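Asks: Letter by letter, the chains look like this.
Protein chains: 2
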Amino acid sequence: MTQNRIHNFNAGPAALPLEVLEEIQASFLDYKGCGMSITEISHRSKWFDDIINDAVARTRRLLGLDDRYQVLFLQGGASMQFAMIPMNFLAHGQSADYINTGTWSAKAIKEAQIQNKTIRVAASSEDRNFAYIPKAIDLDADAAYVHITSNNTIKGTQWAAFPDTGKVPIISDMSSDIMSRPLDMDRFAMIYAGAQKNIGPAGVCMAIVRQDLLDRVPDTIPTMLRYTTFSGKNSMYNTPPCFGVYTIQLVLKWIEETIGGLEKMAAANREKGDRLYGFIDNSGFYQGTADADSRSLMNVTFRLPSEDLEKKFVADALALGLGGLKGHRSVGGCRASIYNATRIDAVQALVDFMKNFMDKNG
Amino acid sequence: MTQNRIHNFNAGPAALPLEVLEEIQASFLDYKGCGMSITEISHRSKWFDDIINDAVARTRRLLGLDDRYQVLFLQGGASMQFAMIPMNFLAHGQSADYINTGTWSAKAIKEAQIQNKTIRVAASSEDRNFAYIPKAIDLDADAAYVHITSNNTIKGTQWAAFPDTGKVPIISDMSSDIMSRPLDMDRFAMIYAGAQKNIGPAGVCMAIVRQDLLDRVPDTIPTMLRYTTFSGKNSMYNTPPCFGVYTIQLVLKWIEETIGGLEKMAAANREKGDRLYGFIDNSGFYQGTADADSRSLMNVTFRLPSEDLEKKFVADALALGLGGLKGHRSVGGCRASIYNATRIDAVQALVDFMKNFMDKNG
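Going line by line, the protein sequences match chains A and B.
For the record, in the first sequence the residue sitting at position 334 is 1493 according to my numbering, with numbers rising by one throughout.
For the record, in the second sequence the residue sitting at position 152 is 1311 according to my numbering, with numbers rising by one throughout.
Extracted from the complex, chain A is given alone in its bound form (with noise of 0.2 Å):
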């Protein structure tokens, strides 16, 4: 079978580690000697028991969560997880903060408003377009929770630091930076996001919920919208997402074998944004969107000196096998997303590339 892959700098779904494909690929047909494709086992087999509890196990490791946290895979991505949170978390008579740092975070908004739910927009970055993670937060010290997105894939920002909630619990949406960096998890009592960036391919969402927010879901919503059907059933109440599990599973095995854990993969993480970042500061040509303090590790968004040169430079890109450097439709421009699996020779085939495009184009 043919090797031609190429550069692949999709913002979601994204690419994933080759090692891991080449596993899937290899035991497709027989998935360790059972004699059927993971896509045909049961889920309530051991083979795959096994898988959800190795997902879940190198979760708890790579994340250090202690025994108040649980584990979910759920289905709908993280636009459900915007209406399950209000849904599940938010009492008629209570108020939440959501911090407002572009389209995710507005969606995650209008659900709760959708519900009839009171909330409130503790920070905004809209003034500027979202280029910048704000730094004044208007804090309710009673609300509900606090909603954040921590990396935002559209405006290419994401949080450095966390912000002090006091007392106030954190959820956020991690969709295109979980499993990139370390995180102190003692500062989140839920973390949610769609697999299909840094962790898995689409179709399936990883939660990660602490019990102070189980123990407040109300038995009036329906089944499959309770995070309690899933933790009390190890996130088998249906058939999961079994495929999506199973993918979700090698590549934290990836993470912890291969690359050797989050610090590793935050320092590989850090080193790819420095190379196209320290490129794109330096060339006079290229224009980076988002503010120094508040730029993405994950998502990097740029500009060049004109539409048509955009247009040309993603096309030019995608003849050479660098691929996927389009901006969001929603803002036009350039994006090259780094998740996990791209590697340092990505970004520097990337770099190569913009430095012969400046030169003939500049």
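Errors might be hidden in some of the hints.
Copies of the same chain look alike in the list, so a pair counts if it fits in one copy or across any two.
What the hints assert, rightly or not - Straight-line alpha carbon distances no greater than 20 Å define the calculated EDC-like cross-link-like pairs of lysine to aspartate or glutamate that follow:
1. 1423 / 1323
2. 1269 / 1378
3. 1423 / 1301
4. 1514 / 1466
5. 1519 / 1475
6. 1392 / 1323
7. 1191 / 1181
8. 1269 / 1452
9. 1266 / 1378
10. 1205 / 1475
11. 1191 / 1511
12. 1392 / 1378
13. 1276 / 1208
14. 1276 / 1378
15. 1470 / 1345
16. 1412 / 1178
17. 1276 / 1181
18. 1423 / 1299
19. 1519 / 1504
20. 1412 / 1213
Hint data in this document are derived by calculation from the structure and do not stem from the laboratory.
Remember, predicted model here, so these are calculated numbers, not experimental data.
Fit chain B to the supplied structure of chain A, relying on the hints for placement.
Replies: Relative to chain A, chain B alone:
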């Protein structure tokens, strides 16, 4: 790579056509020469557009759908549909009829009740442990819809013909028999199916919904729980479960191009069912659990003279490469699931084993 494949009689996730698995495997590192895995391509790319559009087109051809029907790919399995159906299509002040033919029907009923919706049980076969499909149905001519379960995976029953409900739209859970036979879609306002039995892997649910139902959807429910969110965006409001949609596309292609359509699929399924039921009926040892006129061609449920023999039967079968024959944990006994992808030679191997087992242990 090894080709140690067993005969897989799992109830779901279940056997998939070997040709489909081989195609996925062969192109897993480089989908159609794009240099990325199917798990790495953007859902906004032309590659994925072609996949989802082809899956929709094949569904339309196979079921003879006219323009009133939308083909949707959702997440959360049939269990999420149990909640979404009354949420979207049953206004307060209206009533819906449900026919209770076992575990899954009962769960659908429960999810309507959790939402305080008004429903009636128009028929039930609970009096004889759901061993039959009810004939006498007490329909409400003003019902918002009638909900049925076309095939009952756990009890081994299936609707051979569908009830005449006049102007009341039928909504059917077809998780375990979709695409197993031709359908007169004029009878249905909606059918839906978790993919993991007849058409794909776990983690994607197909829903086919008629416009008159979509016109009922209120805009006060969360975005991800509204059918119109998906019907308006070709199932891509947010990232869909791409790998699942891709597998469904390949399975539908297999049904159309390798099998030759749903008439031939139905004939193959009839032949397998006749072979297995014929043997059971004449054995004097095995005992089918469903009434003859209500038997499922997808899930063949049967008992042996004792539970000890049933245990030995399941274990001996597995040792010979016949897997997944244990009945559902809620009912015990044995069950052979013989969905579309199970070939007649697998059924013959099972019959041969059953004959041997009977001769040795009868």
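Asks: For each hint, tell me whether it holds in the structure or not.
Replies: Results of checking the hints against the structure:
{"no.": "1", "hint": "1423 / 1323", "result": "neither (26 Å within a copy, 65 Å between copies)"}
{"no.": "2", "hint": "1269 / 1378", "result": "between (23 Å within a copy, 13 Å between copies)"}
{"no.": "3", "hint": "1423 / 1301", "result": "neither (38 Å within a copy, 64 Å between copies)"}
{"no.": "4", "hint": "1514 / 1466", "result": "within (18 Å within a copy, 73 Å between copies)"}
{"no.": "5", "hint": "1519 / 1475", "result": "within (12 Å within a copy, 71 Å between copies)"}
{"no.": "6", "hint": "1392 / 1323", "result": "neither (33 Å within a copy, 39 Å between copies)"}
{"no.": "7", "hint": "1191 / 1181", "result": "both (14 Å within a copy, 17 Å between copies)"}
{"no.": "8", "hint": "1269 / 1452", "result": "neither (28 Å within a copy, 51 Å between copies)"}
{"no.": "9", "hint": "1266 / 1378", "result": "between (25 Å within a copy, 15 Å between copies)"}
{"no.": "10", "hint": "1205 / 1475", "result": "between (49 Å within a copy, 18 Å between copies)"}
{"no.": "11", "hint": "1191 / 1511", "result": "neither (42 Å within a copy, 27 Å between copies)"}
{"no.": "12", "hint": "1392 / 1378", "result": "within (16 Å within a copy, 32 Å between copies)"}
{"no.": "13", "hint": "1276 / 1208", "result": "neither (38 Å within a copy, 36 Å between copies)"}
{"no.": "14", "hint": "1276 / 1378", "result": "both (17 Å within a copy, 16 Å between copies)"}
{"no.": "15", "hint": "1470 / 1345", "result": "neither (44 Å within a copy, 48 Å between copies)"}
{"no.": "16", "hint": "1412 / 1178", "result": "within (11 Å within a copy, 30 Å between copies)"}
{"no.": "17", "hint": "1276 / 1181", "result": "neither (46 Å within a copy, 49 Å between copies)"}
{"no.": "18", "hint": "1423 / 1299", "result": "neither (36 Å within a copy, 65 Å between copies)"}
{"no.": "19", "hint": "1519 / 1504", "result": "neither (23 Å within a copy, 64 Å between copies)"}
{"no.": "20", "hint": "1412 / 1213", "result": "within (9 Å within a copy, 35 Å between copies)"}
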